[in-house]
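Here full-length UniProt numbering is used: the first residue of the sequence shown is 1, the next is one more, and so on.
Don't read these hints as lab results, they were simulated from the structure.
This one's a predicted model, so the numbers in the text were calculated from it and none came from an experiment.
A couple of the hints might just be wrong.
Calculated pairs, DSSO-like style, for lysine-lysine (alpha carbon to alpha carbon, straight line, at most 27 Å) [claimed, not checked]: (1) K26 x K435; (2) K124 x K183; (3) K166 x K124; (4) K303 x K472; (5) K183 x K166; (6) K26 x K166; (7) K435 x K446; (8) K229 x K166; (9) K229 x K124; (10) K303 x K345; (11) K185 x K229; (12) K303 x K124.
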Amino acid sequence: MGSVARLRTRTGCLECRRRRKKCDEKRPLCAGCSRNGLRCTWPSEYQPIDRRRRCPWPASPSTTSPSPSCNGTSTQSRTPDVSASLPPFSAMPPPFRLEEHFNLYCYFANSLLPTLVRQCSLPKYSDQTYILNLAVQFPPLMGAMIAVAAVRLPRHDESYLHLGLKCYHFSIQNLREGLASDKYKGNEDYLLATTILLCIWENCQPDGIPNTSHHVVAAGNLLRLRCPKPRSSSQSALVFERTCVESFIYHSSLLMLFDRSLDPLADPQVLENIQRYFVDPDHPDDAGPGWTNTQPILDASYKFFLLTADITRLSRHNRPLDEVELSLYYRLQSDFHRWEQTIRKTANDQDKDRTGLLYTLAIRALLLKMDPHLHEISGGFESLLHESLEIIPFLNIDPNFVYYYLWPLIVLGSIAVNPWDRNPFREIISLLIIKGREGIACWALKRLETVWTTEYEYAYWGPSHPMLRGLKRLLEND
Numbered sequence: 001m002g003s004v005a006r007l008r009t010r011t012g013c014l015e016c017r018r019r020r021k022k023c024d025e026k027r028p029l030c031a032g033c034s035r036n037g038l039r040c041t042w043p044s045e046y047q048p049i050d051r052r053r054r055c056p057w058p059a060s061p062s063t064t065s066p067s068p069s070c071n072g073t074s075t076q077s078r079t080p081d082v083s084a085s086l087p088p089f090s091a092m093p094p095p096f097r098l099e100e101h102f103n104l105y106c107y108f109a110n111s112l113l114p115t116l117v118r119q120c121s122l123p124k125y126s127d128q129t130y131i132l133n134l135a136v137q138f139p140p141l142m143g144a145m146i147a148v149a150a151v152r153l154p155r156h157d158e159s160y161l162h163l164g165l166k167c168y169h170f171s172i173q174n175l176r177e178g179l180a181s182d183k184y185k186g187n188e189d190y191l192l193a194t195t196i197l198l199c200i201w202e203n204c205q206p207d208g209i210p211n212t213s214h215h216v217v218a219a220g221n222l223l224r225l226r227c228p229k230p231r232s233s234s235q236s237a238l239v240f241e242r243t244c245v246e247s248f249i250y251h252s253s254l255l256m257l258f259d260r261s262l263d264p265l266a267d268p269q270v271l272e273n274i275q276r277y278f279v280d281p282d283h284p285d286d287a288g289p290g291w292t293n294t295q296p297i298l299d300a301s302y303k304f305f306l307l308t309a310d311i312t313r314l315s316r317h318n319r320p321l322d323e324v325e326l327s328l329y330y331r332l333q334s335d336f337h338r339w340e341q342t343i344r345k346t347a348n349d350q351d352k353d354r355t356g357l358l359y360t361l362a363i364r365a366l367l368l369k370m371d372p373h374l375h376e377i378s379g380g381f382e383s384l385l386h387e388s389l390e391i392i393p394f395l396n397i398d399p400n401f402v403y404y405y406l407w408p409l410i411v412l413g414s415i416a417v418n419p420w421d422r423n424p425f426r427e428i429i430s431l432l433i434i435k436g437r438e439g440i441a442c443w444a445l446k447r448l449e450t451v452w453t454t455e456y457e458y459a460y461w462g463p464s465h466p467m468l469r470g471l472k473r474l475l476e477n478d
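With the sequences and hints as input, model every part of the structure.
Structure (structure tokens):
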């Protein structure tokens with residue numbers, strides 16, 4: 001049997017290499033294939049690469065770089081080749097019948113989808129075939145996938161951005177028409193998947209705070225109408241469901257800090273139903289952030305994120321807490337102390353990520369703001385800021401989960417008063433802007449700059465500490 005032929009050139013798509021033509025390397029569709037009406041495919045997606053040669057650039061910013069929090073486990077090393085299981089071009093649903101549509105779908109499947117789950121998660125979460133097959137059956141989901149792929153191309157391309165925007169609007173319009181005509185029951189898997197991907201598309205917008213809240217609320221409403229799949233369901237179906245539910249909690253709990261109108265986790269029905277999805281013995285309920293977690297999205301037990309949401313909600317009040325709120329405050333404080341003890345016990349291991357410690361400091365800052373005896377406490381904010389500045393240089397950043405890092409950074413950054421204390425927050429968020437390519441990081445930095453420049457203008461807060469005024473200004477969120 002003859003050996004597999006090696007690629008004869010260092011760069012370019014497979015079709016240009018086969019034809020021995022110069023390729024402009026424009027992904028996912030090069031100019032040569034576009035001009036000649038050929039199917040443009042790439043070695044990273046469909047063919048083994050000659051390992052003696054280096055790939056000219058990664059298919060996406062994070063698919064070839066290791067995730068530090070996973071002790072060097074790279075995305076490529078654990079990502080299955082899904083190209084063989086992808087539906088053929090002829091199976092693409094209308095109106096997605098162009099080669100560009102199919103190329104973007106393949107790019108999403110091979111380069112983007114693997115980065116949407118944590119690389120430390122259990123190997124089963126790398127099986128995302130369920131959602132890929134759903135997209136062929138439900139055009140709005142396919143449109144959302146193509147839209148996300150277009151906006152996350154590693155090189156700016158106006159034609160693909162325009163195509164992706166059209167696909168996004170198609171998905172939105174199609175969903176609205178279906179809802180208006182009572183076409184859906186509300187418990188369909190493809191509805192939930194489409195809503196989650198629309199959240200991701202909004203996150204990818206580079207021009208400010210994403211308009212994500214209505215998609216997050218819609219996902220919460222869909223989860224209220226669903227029941228968890230039986231444990232006898234296929235593994236790929238269970239993986240899909242778990243990933244969607246965790247994504248909802250991730251967005252709902254962490255986005256509250258950036259959008260006061262967003263609070264779907266305050267709905268008792270949503271909370272009650274969510275807990276039914278977290279019965280997998282593979283994932284303990286006491287897992288704190290910063291551990292080498294095995295879940296697909298959340299870096300801690302869902303209960304920790306619910307606690308974070310509860311504390312964020314209560315801290316928004318710019319007045320003394322009433323009797324009922326004080327009772328809730330003391331309960332949340334007690335719950336947090338248990339989590340804090342667990343997190344700090346594991347923080348002694350130098351191999352562990354320190355993001356969990358940063359969360360404990362940020363939550364403690366919110367609790368300190370609400371403390372009815374705050375005027376009797378001296379040095380509380382100063383010690384929190386000092387410890388956070390020691391942690392920031394050791395953070396292991398995963399650019400695919402920007403919100404996870406922004407939440408504690410923006411809370412603690414708001415209490416930084418001196419320019420030399422602000423610079424580390426400015427630098428780490430600037431790094432998130434570069435790595436994550438998401439508008440929310442830009443917005444977060446602008447928000448902090450606003451807090452830092454206007455903190456002394458709010459005399460109606462009285463003679464409170466400048467650090468406290470900065471935090472109050474952040475939570476005002478106007």
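Cross-check of the supplied hints:
1. K26 x K435: Distance of about 21 Å is within 27 Å: holds.
2. K124 x K183: violated (33 Å)
3. K166 x K124: violated (33 Å)
4. K303 x K472: holds (26 Å)
5. K183 x K166: Given that 27 Å is the threshold and the Cα spacing comes to 23 Å, the pair holds.
6. K26 x K166: With a Cα-Cα distance of about 20 Å, the restraint between K26 and K166 holds, given a limit of 27 Å.
7. K435 x K446: holds (17 Å)
8. K229 x K166: With Cα atoms ~33 Å apart, K229 and K166 exceed 27 Å; violated.
9. K229 x K124: holds (17 Å)
10. K303 x K345: holds (19 Å)
11. K185 x K229: holds (16 Å)
12. K303 x K124: This hinted pair holds, its Cα atoms lying about 23 Å apart.
Hints 2, 3, 8, counting from the list given before, are not met by this structure.
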